[in-house]
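Residue numbers (the numbering used here), protein chains in the order written: chain E, 1 to 126; chain B, 127 to 760; chain G, 761 to 1238.
The set of hints was computed from the structure by calculation and includes no laboratory data. Remember, it's a predicted structure, so these values are computed and weren't measured experimentally. Just so you know, even glycine gets a beta-carbon here, dropped at the ideal spot from N, CA and C. Just so you know, not all the hints are guaranteed correct.
[Claimed, not checked] Pairwise CB distance ranges (calculated):
(1) G:Leu1142 with B:Ala705: 32 to 38 angstroms
(2) B:Gly640 with G:Leu1142: 28 to 34 angstroms
(3) B:Leu128 with G:Lys815: 38 to 44 angstroms
(4) E:Tyr57 with G:Leu1142: 53 to 59 angstroms
(5) B:Val727 with G:Thr1029: 18 to 24 angstroms
(6) B:Gly153 with G:Leu1236: 54 to 60 angstroms
(7) G:Pro818 with E:Phe74: 31 to 37 angstroms
(8) B:Asp432 with G:Trp1162: 22 to 28 angstroms
(9) B:Ala705 with G:Val1163: 32 to 38 angstroms
[What the hints assert, rightly or not] When the alpha-carbon atoms are kept at most 20 angstroms apart in a straight line, the in silico EDC-like pairs for lysine to aspartate or glutamate are as follows:
(10) E:Lys90 with G:Asp828
(11) B:Lys573 with B:Glu668
(12) G:Lys815 with G:Asp828
(13) B:Lys288 with B:Asp239
(14) G:Lys855 with G:Glu891
(15) G:Lys789 with E:Glu31
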Amino acid sequence: MWPLLVFIAAVMVVVAAQIVLSHFLGQRHRERATGEPYESGIVSEGSARLRFSATFYLVAMLFVIFDLEAVYIFSWVISFRELGWSGYFKIFVFIAILLASLVYLWRIGALEAGPPKRRLREAEVK
Amino acid sequence: MLDLLWLIPALPLAGFLVLLFAGEKLGKSGVAWVGAGSVGISALIAGLLKWTFLTSPPEGHHFTQALWTWLDVGAFKPEIALYLDPLSLVMTLVVTGVGFLIHLYSVGYMHDDEDYSRFFACMNLFVFAMLILVLADNLLLLYVGWEGVGLCSYLLIGFWYKDPANCKAAQKAFIVTRVGDTAMALGFFLLVTQLGTLQVQDLLERAATRWEPGSGMALATALLLLGGAVGKSGQLPLQTWLPDAMAGPTPVSALIHAATMVTAGVYLIARTYVIYTLAPAAMAAVAVVGALTLLIAGLAAFAQSDIKRVLAYSTISQIGYMFLALGVGAWSAAMFHFMTHAFFKALLFLAAGSVIYALHHEQNIFKMGGIRKQLPLTYRTFLIGASSLAAIPFITSGFYSKDAILYQAFTSEHGHFLLWLAGALGALMTSAYTFRMVFIAFFGEPKTHVHHKPGWVMNFPLLALAFLSTVGGFIELPHFMGHAQFFADFMAPSFAHAAGHAAEAHHGAGLEIGLMVVAMALGLGGIAAAYVLFLAKPEIIEEKMKSEGNRKLHAFLFSGLGFDKLYDTLFVNPYCWIARVNKRDIVDLGYSFLAAVGMLVHFLLGLTVTGRVRWYAAGIAAGCLILMSVMVFT
Amino acid sequence: MTEAQFVALSPLILVGLAALVVMLAASFKRSNGLALGLTLAGFAASLVSLAWAAKVAPVQVTPLILIDRLALFYLGLVFLTGAAVALLGHGYFEKRAGYRDEFYMLLLMATLGAGVLVATTHFAALFIGLELLTISLYALVGYTRTEPRSLEAGLKYLVLATVSTSFLLFGVALLYAELGTMEFGKMVDLIRQGGHRETLVNGAIALVGIGIGFKLALVPLHMWTPDVYEGAPAPVTAFVATVSKGAMTAVLLRLYLLVGGAIPDSVMTLLSVIAILSMFVGNLLALLQDNVKRILAYSSIAHLGYLLVAFIAGGNFAPEAVTYYLIAYMATSLGTFGMVSVISGREREAEELRDYAGLFWRRPFEAGVFAAMLMSLAGIPLTAGFIGKFYLLAAGVDMGAWVLLGSVVINSALGLFYYLRIVASMYAAETSAKPGAAAREVALLGSATLAALALCLIWLGVFPAGLITLIRSAVLGV
């Protein structure tokens, strides 16, 4: 227990020392962009409250889903020999279904990153 | 051949449906073809079945055709099946045969009526319901038919619904028979709960084996069924509706209120005869009801001036004979009289209808007079019918059937001298009032001009029925006249259980001839009396009518012995009084209270419907808590 | 996998395949008619393969799924209902803009989930089936994305169904922890043998019950029903009311048959209370409701209460009574919600009571069919509903469960009131119905489906014997 307490205390001391020291030793000035967030020394453009296209989440979601399916394929691969042809056939069906859904996603335009023009045109047939 | 059975009720039903949905589009001749044709084909099939029964009878002399099992849950298994045995076959033949002739007659009689298709639709429905009643294999179906004919009777009595009097008559018929129906339904319930089956034949089997002769249960059911029978058949004390039922068109009176429906009570008792044989007291009650009714109705018939009301009272009286026969155990004699009565009473009604038609809806016999010469065919057929009703010896069917009843009323072990006496007196009255009607309406001076003469569609049924009324009796002759018992032999399988009970004690031909001579003398005496009083010397009556007492007597007889008045004071008026007093129904308050409680709870429960997901989720959680605590802590 | 197993599983495989085919077809050619055709073909193939599978049944396919006669019977029921919903949906979505093909795809997936449920003998498969069904339903309930209420309903269903499913999952986990198996049969055996922690197992059963009760919308888990039923597109509502409840009932029935009716009295009492509450709450809430879809939603709560009565009071009759009642209920619910979808117009659904005012004079055929459906729901003789209720009462009288019977009778009267309210308004003189509420154009397929359903209801009411025989052979085969 002791060493842990000493360690915590040391951390506290170091952090406090840094803040206090820089407060007294550091220069201080107030310019136009001083209070603003920055990156690489460049003044930022616009607001951080962007409206992301829903496609963004869609792609993220698709990734998660397909990524997860890969787990099954891995587990099949590991016991490839034990499962034999039956296993091969099963994973074949599994991948075929995945492939079919991929085709579907591609065709409805879920994979297109741009503004969903094509999709809309297709959907609003009537 | 027997498999055609289902067609017999199905055809009139089909006719009814066609007329109901397409009646307006068919045109009059189309309606006539569908309406009369469907019944006609049924009649043909019924004839075929009769032939089959005569030539190659089915095993056990009965035939069951299962059509439909509704459902089969536990012990409850209502089946729709038709049951054909000699009893139901005779009924079927009469219903379809006479029914067809009356339909044919109606084609002419109703021709100018604007509701032509409605008339035939109702008539077809009636024939269907009556056939269902007759052919029913179980009580449920029988009840359906029973109520169905009641409904059609109601619809057809009130056929000319624009006259409120007709509607009142229809209501009266419906309500009064309803009293009897209630008793009958109770009887059915008793049978079903006690014997545990709906099948009529099973019921009879079980009743015969489980109930002791003279047991209280048999007596109770027999009396309750008798209640239904007297209601439908217009017997004492529920006879009051039948004369009023004459408000309907004449073919309706002929078919429903003379030939077929009103004899349903006779059929019911004959069908359940086993129960009656187990309850001698109930049989005695049947006989007494019959005897009293035939006398009372006979008396009332004397005072009537409306030709149809005379016939109505005579119908009540003749059914009284059938009940008398049933009551003394003369089952097949009752059915025999039913059959001949159907012939000659339908004939009388139709002939009367022809007169009414010719005289432009004149029904008062005192305004007719002398139509003998103007409508010779109608007169002759009416005379044949009247002779049969009055039981003119040897040449009429009524003679044979009535004689059989009178003979058995005297000789049967259930018979009694008094019953015979009532029957014999009734015979005297019957012939007297019948020929009173004949003499007043057809003889003497013409008082109303004949407008139009009936055509062949109306005359043919008259001729056919006249033929049947004459020869219909020859299939059952008294013992000393060759002892032909075709009818009784044919019916025997239907009354197999009663064989021991109704075995006719042979009293020798002497007694039989003696009884017959007495009955014949009374019948002919009645005609003679009618001749003297109403044709030769009408002054006698006029003289008698001058005294106050006799006029009151006439009024009393005219009103059907005051039963209507009695019932008005006893039941109708108190009931109306209660209804008036209890205008805001007290019982209703309870229901209103329940409804108010329902609404209140509805609004309270409505508070839980907030539309908020968290509330719903909380509901699930609460439910879970309750469920868990019950499951874990008990 | 042996050949027999493959054959036995073929009805489920074919439905899954149909979903796949519809999906692929949709990616190349969008067509309402084509998608419907493929869907129906899929259902038809599955139904045909049922006969094929019946020859090898019963077959245990992995520990998860058992294809026996009960499963086959219920599969047939579920597939037929699914096909009817597809037919109703065709006309409904034809009138509306937006994607249509995905409806069929989701429908097939949901039906597949229901199919897995009715054939399952294992909690893992139960969960898979349930999720397949429920997740498809989330999308289906919110299918008309442009309608805020539909979206709202979808979200509500999502949240609440997830809550209830987690209860179920927790219960299953506890059971597994205590008994070490998830197979129904083994579980029942182990519980019967004893030697486990009663409290834990009972609590777990209660949790599983929550999951099942939610799907069946029994009080107090019923609150989502009216909102979701109201918001969802009418054909989807028909599906939620029929297939998802029917499949869950099949699960219950299977468990009931496994337990062999040996249910402790305390549980029976609990179930009785739930049944009585469901009947009363459902019917009382429907009493003065003016929204037809909500009326029907409440009435479905009450009907599930009746169904529960059949379970409790059924005794030896129970499987038969439950199944018959369920079929009558499914056919009528399909019909009533189908009617709502058929007479709905382009702009909005015909869901207000006043949309039905005078319907008889405008569209006598639909009004007549609708009236027949409502009569069946009310249990008027010569309809399937009557036979169902009669079964219930007969079973109840046999067991002498008078309290339950009394509730059923009172509730039948309550139900009659609001069913007749709808009927009466249909025959009333026409009032000023909102424009667009009732469609002018007739969805031919939908109307034909409804007519077939109405005929079927009356047929079942008049000639129930055939179906009863079929049910007996199905439930006795277990």
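Here is what the structure says about each hint:
Distance hint check: the CB atoms of Leu1142 of chain G and Ala705 of chain B are about 34 angstroms apart, consistent with the given range 32 to 38 angstroms. Checked against the hint of 28 to 34 angstroms, the C-beta distance between Gly640 of chain B and Leu1142 of chain G comes to roughly 60 angstroms, which is inconsistent with it. The given range of 38 to 44 angstroms is respected by Leu128 of chain B and Lys815 of chain G, whose C-beta atoms sit roughly 41 angstroms from each other. At about 55 angstroms, the beta-carbon gap between Tyr57 of chain E and Leu1142 of chain G stays in the expected band of 53 to 59 angstroms.
Between Val727 of chain B and Thr1029 of chain G, the C-beta spacing of about 23 angstroms keeps the proposed range 18 to 24 angstroms intact. Distance hint check: the CB atoms of Gly153 of chain B and Leu1236 of chain G are about 57 angstroms apart, consistent with the given range 54 to 60 angstroms. Taking 31 to 37 angstroms as the suggested C-beta distance range, the pair Pro818 of chain G and Phe74 of chain E conforms, at roughly 35 angstroms. The beta-carbon spacing between Asp432 of chain B and Trp1162 of chain G, approximately 57 angstroms, falls outside the hinted interval of 22 to 28 angstroms.
Between Ala705 of chain B and Val1163 of chain G the Cβ separation comes to about 37 angstroms, which falls inside the hinted range of 32 to 38 angstroms. A C-alpha spacing of about 24 angstroms is found between Lys90 of chain E and Asp828 of chain G, which places the hinted pair above 20 angstroms, so the restraint is violated. The straight-line distance between the Cα atoms of Lys573 of chain B and Glu668 of chain B is roughly 19 angstroms, inside the 20 angstroms bound, and the hint therefore holds. With a CA separation close to 10 angstroms, the supplied pair Lys815 of chain G and Asp828 of chain G stays within the 20 angstroms bound.
At roughly 13 angstroms between alpha-carbon atoms, Lys288 of chain B and Asp239 of chain B fall within 20 angstroms of each other, so this suggested pair holds. The straight-line distance between the Cα atoms of Lys855 of chain G and Glu891 of chain G is roughly 30 angstroms, outside the 20 angstroms bound, and the hint therefore fails. Restraint check for Lys789 of chain G and Glu31 of chain E: not satisfied, since their Cα atoms lie roughly 62 angstroms apart, outside the 20 angstroms limit.
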